[in-house]
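A.B. asks: Just so you know, the sequences run in chain order A and B.
If you want our numbering, it's the 1-based position in the first sequence plus 6.
With our numbering, letter number 79 in the second sequence gets 65, and the count goes up by one each step, no holes.
Rather than coming from a laboratory, the hints here were simulated on the basis of the structure.
These numbers come from a predicted model, not from an experiment.
Among the hints, a few may not be true.
[What the hints assert, rightly or not] Listed next, the stretches of chain B that the computed footprint assigns to chain A, with coverage defined by at least 3 CB atoms under 8 Å from CB atoms of chain A:
#1 113 to 121
#2 157 to 165
[Stated by the list, open to error] Pairwise CB distance ranges (calculated):
#3 204(B) - 176(A): 46 to 56 Å
#4 98(A) - 189(B): 36 to 46 Å
#5 100(A) - 85(B): 42 to 52 Å
#6 175(A) - 180(B): 42 to 52 Å
#7 -4(B) - 146(A): 47 to 57 Å
#8 13(B) - 100(A): 19 to 29 Å
[As the list claims (entries may be wrong)] A short, non-exhaustive set of chain B residues, derived as facing chain A with CB atoms under 8 Å:
#9 48
#10 54
#11 57
#12 58
#13 62
Each residue gets a CB set at the ideal place from its N, CA and C atoms; glycine is no exception.
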Amino acid sequence: MSVRLLALIPVAVAINLALSAAVDAVGLPLFLDTTGTILTTALAGPVVGILTGVLTSAVNSLRNPTFWPFVAIQIIVALYAWLAASRGWFRSLRTAVPAGLLLGVIASVTSTPISYFVFGCSTTGGIALTTKLGQLLGLSTLGACFFGSFLSDFGDKAVTFALVTTILHALPRRTAARFPLALRAVGRA
Amino acid sequence: MRRLHPFTLLTIAVVLPALAWILPAPRGGAAALSVAALLLLTPGVTPGFGVARTAFLTAAPFWFFLYLLHGVSGMVATGLRLSTMIASFVWLVAILPPARLVEAMVAAGWPVSAAFLFSATLQAVPALRERAQRLVEAQRCRGLATRGGPLVRLHALRALALPLVLSALHDVDERALALETRGLVAGARRTPLAPPPDHWSQRATRWLLLLSCAALLVWRVV
Chain A
7 MSVRLLALIP VAVAINLALS AAVDAVGLPL FLDTTGTILT TALAGPVVGI LTGVLTSAVN
67 SLRNPTFWPF VAIQIIVALY AWLAASRGWF RSLRTAVPAG LLLGVIASVT STPISYFVFG
127 CSTTGGIALT TKLGQLLGLS TLGACFFGSF LSDFGDKAVT FALVTTILHA LPRRTAARFP
187 LALRAVGRA
Chain B
-13 MRRLHPFTLL TIAVVLPALA WILPAPRGGA AALSVAALLL LTPGVTPGFG VARTAFLTAA
47 PFWFFLYLLH GVSGMVATGL RLSTMIASFV WLVAILPPAR LVEAMVAAGW PVSAAFLFSA
107 TLQAVPALRE RAQRLVEAQR CRGLATRGGP LVRLHALRAL ALPLVLSALH DVDERALALE
167 TRGLVAGARR TPLAPPPDHW SQRATRWLLL LSCAALLVWR VV
């Protein structure tokens, strides 16, 4: 791995964790905690993306250890972002937003068993309350757990994909050319 | 306790939650949590009761939501396990400075790039968080509307996130240059300044803990 990619990973982890300040400022129910993972995968491939995701979960766990079991989601996000980048889905918002919505479905399907078996669906306040809402609507506990995860992940991943697309297109061509896969991800290569 | 090798501390923090999940609930979770709670109150954990309070405050919402979703028995079974995980990791963070873990990794022969990734990330996160906060304040001063309908908020989010991420990516070149001038290349080895001592008894304890965990898992599954 080149020194530039090695320097990119800590910055990408910091992006994953620092964007919460922007989210708090606008008061939207989003996480954006996979932005750096998706961005690094689009810029430098799946290995860098997976390392970013795993380190994000590890550093987040130092603050709150309940983040660690969700490391699998970060890995799946990196692999999916690799698929999206190689298919050129970051070419425009018209392709990126549906790709993000699909990732939202995949992420909620994957996080539901973790949330159910490890946390009894009590991961965060918002998800726990939507799970309770699902129970009140007559869903089974597992179904309600998926309902809660789906509501939180669906919009979040679409916005994250749109944001990464905007960032990739805003990158100066000279900067983008320094990363091996950036131009291909936005369909300029 | 603080003098134990970082890998031994890490093993204890991993094994305790694993035991809480492997052993039958609720007694297994209660036993594991008792050990984790004792560790939290061990001399060497600073700032003492403050750490126990952090663990309690992190775990408390889970108990509430578990009660809401599963009633008393479900709350106790899962709550004990989750609290063990939280207490173990809060204890680990309190007793093990990251720099000591990095020294142990380098001494154990890990590539210096792995040690760099861990320590550089721990430094980069608070720095970028601070920059994000400054950006939020600067954009507000310029009159950026952060409240209103969803589209207004999404527009504001773009105006906050884009400069933050682009400036962070701009830093990558400077960091790469600094690393190259310090000779950080693939396969490079470093000599740790103060490697933590690793006695054979600690290595044996680590293996014993991990093997016991594996044996108990097999016993539970079969």
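A.B. asks: Looking only at beta-carbon atoms, does the pair residue 204(B), residue 176(A) fall within the given range of 46 to 56 Å?
C.D. replies: With a Cβ separation near 53 Å, residue 204(B) and residue 176(A) satisfy 46 to 56 Å, so the hint holds.
A.B. asks: Hint residue 62(B) vs chain A: min CB-CB distance below 8 Å?
C.D. replies: 11 Å, violated
A.B. asks: Just to make sure I understand the rule, a stretch counts as covered if three or more of its residues have a C-beta closer than 8 Å to a C-beta of the chain. Does the region 113 to 121 of chain B meet that for chain A?
C.D. replies: Answer holds; 7 residues pass the 8 Å Cβ test.
A.B. asks: Do the beta carbons of residue 13(B) and residue 100(A) sit within 19 to 29 Å of each other?
C.D. replies: Roughly 56 Å apart at Cβ, these two residues miss the hinted range, so it is violated.
A.B. asks: Do the Cβ positions of residue -4(B) and residue 146(A) conform to the proposed distance bound of 47 to 57 Å?
C.D. replies: 38 Å, violated
A.B. asks: Residue count check for the region 157 to 165 of chain B against chain A: does it reach three with CB-CB under 8 Å?
C.D. replies: holds (count 6)
A.B. asks: Against the range 36 to 46 Å, how does the distance between the Cβ atoms of residue 98(A) and residue 189(B) compare: consistent or not?
C.D. replies: Given about 55 Å between the Cβ atoms, the range is violated.
A.B. asks: Holds or violated: is there a CB of chain A closer than 8 Å to the CB of residue 48(B)?
C.D. replies: For residue 48(B), the interface hint holds, since the closest Cβ of chain A sits about 5 Å away, which is under 8 Å.
A.B. asks: Double-check residue 57(B) for me: the hint is only fine if its C-beta lies closer than 8 Å to a C-beta in chain A.
C.D. replies: Result: violated, 11 Å to nearest chain A Cβ.
A.B. asks: Holds or violated: the hint that residue 54(B) contacts chain A, with Cβ atoms closer than 8 Å.
C.D. replies: Check passed: Cβ of residue 54(B) comes within 6 Å of chain A, closer than 8 Å.
A.B. asks: Grab the minimum C-beta distance from residue 58(B) to chain A and call the hint holds if it beats 8 Å, violated otherwise.
C.D. replies: With Cβ-Cβ at 13 Å, over 8 Å, it is violated.
A.B. asks: At the C-beta level, are residue 100(A) and residue 85(B) separated by a distance inside 42 to 52 Å?
C.D. replies: Hint holds: Cβ distance 47 Å, inside 42 to 52 Å.
In summary, the structure is inconsistent with hints 4, 7, 8, 11, 12, 13 from the numbered list given earlier, while agreeing with the others.
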